[in-house]
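Participant: Spelled out from the first residue to the last, the chains are:
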Amino acid sequence: MSVFVVLYFACLIIASCLAAFYEKRGPFILLFSLTLVSFILGIVGGTGALRFVAIAAAVLAFAAGVAFCFREFLVVLLPTKIGKELKTAPLTAAFGLFVIFTYAIAAIFAPWIAPYGESEVIASSFAPADENMLLGADQLGRDMFSRIIYGARNSVGLALAATIAAFFLGAAAGLLAATKGGWFDQFMGRFADVIMSIPSLIFALLMLSIFGPQVFVIIVAVAIIYAPRVFRLTRAVAGNVVVMDYIEAAKLRGEKDSYLIRREILPNSTAPLIAEFGLEFCFVFLLVAGLSFLGLGIQPPTADWGSMVRENATLISFGDITPLIPAAAIALLTVAVNFVVDWMLFRSSGLKE
Amino acid sequence: MVHDKSVLLEIKDLRIEGYTGEVWVPIIKGVDLTLHRGEVMGLIGESGAGKSTIGAAAMGYARDGTRIVEGSKIEFDGMELTTATEGERRALRGSRIAYVAQSAAASFNPAHKIIDQHTEAPLHYRIQKRMEAQEDAMDLYERLRLPNPKEIGFRYPHQVSGGQLQRAMTAMAMSCRPDLIIFDEPTTALDVTTQIEVLAAIRDIVDQFNTAAIYITHDLAVVAQMADTIKVLLKGEEVEQQPTEEMLDNPQEDYTKSLWAVRSFERPQKSRPEGETPLISVQDVDASYTGGDKVLDGVSFDIHKGMTVAVVGESGSGKSTTARVITGLLPPSNGQVLFQGEPLPPRYQDRTKDQLRQAQMIYQMADTALNPKVRISEIIGRPAQFYSGLSGTELKHRVDELLDLIELDPSKFYNRYPPELSGGQKQRIGIARALAAEPSFIICDEVTSALDQLVAEGILKLLDRLQNELDLAYMFITHDLATVRSIADEVVVMQHGKVVEQGPKDKMFTPPHHPYTDLLLSSVPEMDPNWLTTLLEERGVDNVGEAADV
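Protein chains in written order, with full-length UniProt numbering: chain A, 1 to 353; chain B, 1 to 550.
There's no promise every hint is true.
Unchecked claim - In silico DSBU-like pairs for lysine-lysine, Cα to Cα no more than 30 Å straight-line:
no., chain 1, residue 1, chain 2, residue 2
1, A, 256, B, 353
2, B, 412, A, 81
3, B, 498, B, 294
4, B, 294, B, 257
5, A, 87, A, 24
6, A, 84, B, 305
7, A, 84, B, 412
8, B, 294, A, 180
9, B, 353, A, 87
10, A, 256, B, 73
11, B, 373, A, 81
12, B, 412, A, 87
13, B, 305, B, 353
14, A, 84, B, 235
Unchecked claim - Just the calculated beta-carbon pair ranges, DEER-fashion:
no., chain 1, residue 1, chain 2, residue 2, range
15, A, 84, B, 5, 47 to 57 Å
16, A, 36, B, 154, 55 to 65 Å
17, B, 105, A, 168, 41 to 51 Å
18, B, 354, A, 181, 22 to 32 Å
19, B, 48, A, 64, 34 to 44 Å
20, B, 235, A, 54, 52 to 62 Å
21, A, 168, B, 409, 56 to 66 Å
Calculated directly from the structure, the hints in this document are not laboratory data. Predicted, not measured: the structure shown is a model, and the values here were computed from it. Even for Gly, the Cβ is constructed at its ideal location relative to N, Cα and C.
I would like the entire structure built from these sequences, with the hints used as guidance.
Facilitator: Below is the structure:
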């Protein structure tokens, strides 16, 4: 029985007792069942398993702490009206915001943060981590950490540009269709159906092999693929707004479609559209990463998370986790965005009542 | 039969709080209520007075986001509901306490037959077998004078009319022979003619089974017919409580007196100027929606400058469709609309900016008529900007002027959003938006029917003042004849898309009438507590339902 094991169980039991004393039902059940499970785990897996549990709990607690501090920080910093809203945000959403914030900082200040250049060869290929290289070198001897930082700029920037383009296309078409109605609505609807019937990856591959793998082509192709989804959502949301009496009043006033869309319909459909934006961003991001992995996305030597996974894939067979780091960066961002989106969906759906 | 008159429900010092997201604010501030078996108590007050909250509390229920404060006592037939378990309370609901909601159409499940929903409670509580329960349901349908009581229960909710559905819901509430029924505005959504059948049915059945009832409404005339005692509420507090007759003859508190006085507003009637071209002339208009049956059939009437024409009729009589034809939202299939003698293009898209400006609309539901995401200053300012090209300080000045005109303080309302306003204030903003266009003609589509009586009277007075100041013509669509009486100069009665009768108000309110006008007029509840009884005797009890189906 090591000191660690004794401390481990002492901590759990004291925490359970505290929870029981303050009549916190949920935490008590969680803590005490963890204690019971730990007995079995300790017998089966030994100290190692318990240590893993402790580390996982510590990481979770650390993330929660960071999220909490970050939320309080924002509440203090931002104007009171937004601060009040943020105070009601769950910790997951605050954590998501924190991750997005970190990525944004990394992307914007990449040249200053990264210790080496994007395509600077500084070591032998697949060199292990040392005090110069935090995460070791890639297949050409470039610093992995610097490339991850630059990758945030390229991968996230590209996905963001493509999502924004998709939203411009889709939302504009959806709003117009809902406002005009009639044959225009029908035509746009069927046109969107046609695009959606083409498998997205095949469509992207086709476009890229015809026009060549340039950044502009990727953005346009991805925007065309995702615009129909945005179109359908926008049309549905705006469809509920255009039947309102205030739209009728504006029409009878003789207002043009552009005014109707801009001032009357759009302000009433932003909440679901913003939530959808976060969701679509994740899909677009994964599609772009997938294209890069297939070698048709962002071209070397530009750093990009998707292609970095592919380039270092051979290392997996040697039990090295280096190729998983860019993959983890992708996963963490999508999870973070989804946390924030969930919160926004919750707010816009009015479930809080 | 000697009825048991013991105390059934005793509420003492009821306090309920609602959660605003930060703090708990009191909604009900210490209300006492004692109800005996077989007694009907009317709860009246404006919206927000806490009527429905008290009604729900009588079942031991507090809505989400509200809580019953400790120390309140709700004793139902010897059982304390505030300390009872949820299971015990649930066992009471439906079997011993029943609830009839405002909208039967929204309360019935459209996917099941009426009788199946009716028998659900007795079967659940094992009071009756299915066949017995069905026979009992038919018996209740007959007592409530529903047509074809043997067969009507096997229809789906959408296959019967609104008034019949409301009666079916009352029957459903009676299914377990509860000791107490809570009626929450059961006739507010119905036409006057339909309202009568429901009122008569409710009164009879409550009487027959010696059921106690709490009747929640904001309509004084209705409560006068139904209740033995009346309790007046204001902002979560009791104003006064008295037996009905005394309350009507001799109200003690100022607030109660002001409620009673509401229906006295009446402005002098103007008569049509001789030989002048009418401002709006609807000529022989037929209309239908997407090629269906005719919704309007040969509708003709004139509206003169500075006058108010009230268009009355039940729902579905084509009142609002007429408004849609005039505004150009629905082009007529035949006939035309003249404005100052000139024909208006049938589609609003083809009309000039000036033609659009001249005719404005005020809507029934201020909630959907004002964009919730746009500031008051822009809602009112936009028409002024759009038609008159005002901008900058000139525009701000005009908005301030309009807010003054509708008696709202510009400094307080200029930057606010519609959801922050009360119903009456929203309706005033709707009026200001119409005025901002400087029209000569305004269509008012049921503008007061969603408002409390005191607030509605304020709106009517405002409209009347504006008419005198600005020389406006109104087309006033309503099903409330009290409103017609107070504001109209001329009346157009519509039924099934046709104009049944039209003429100056004084002529329309003195006999002889067209039979349909007569039915409408006599159906308007009066404050006299014996009004319903007298009316039913006159009409002959058995044809109440048929009369309404004419």
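Participant: What are the numbers of the hints the structure violates, in ascending order?
Facilitator: 4, 6, 9, 10, 21
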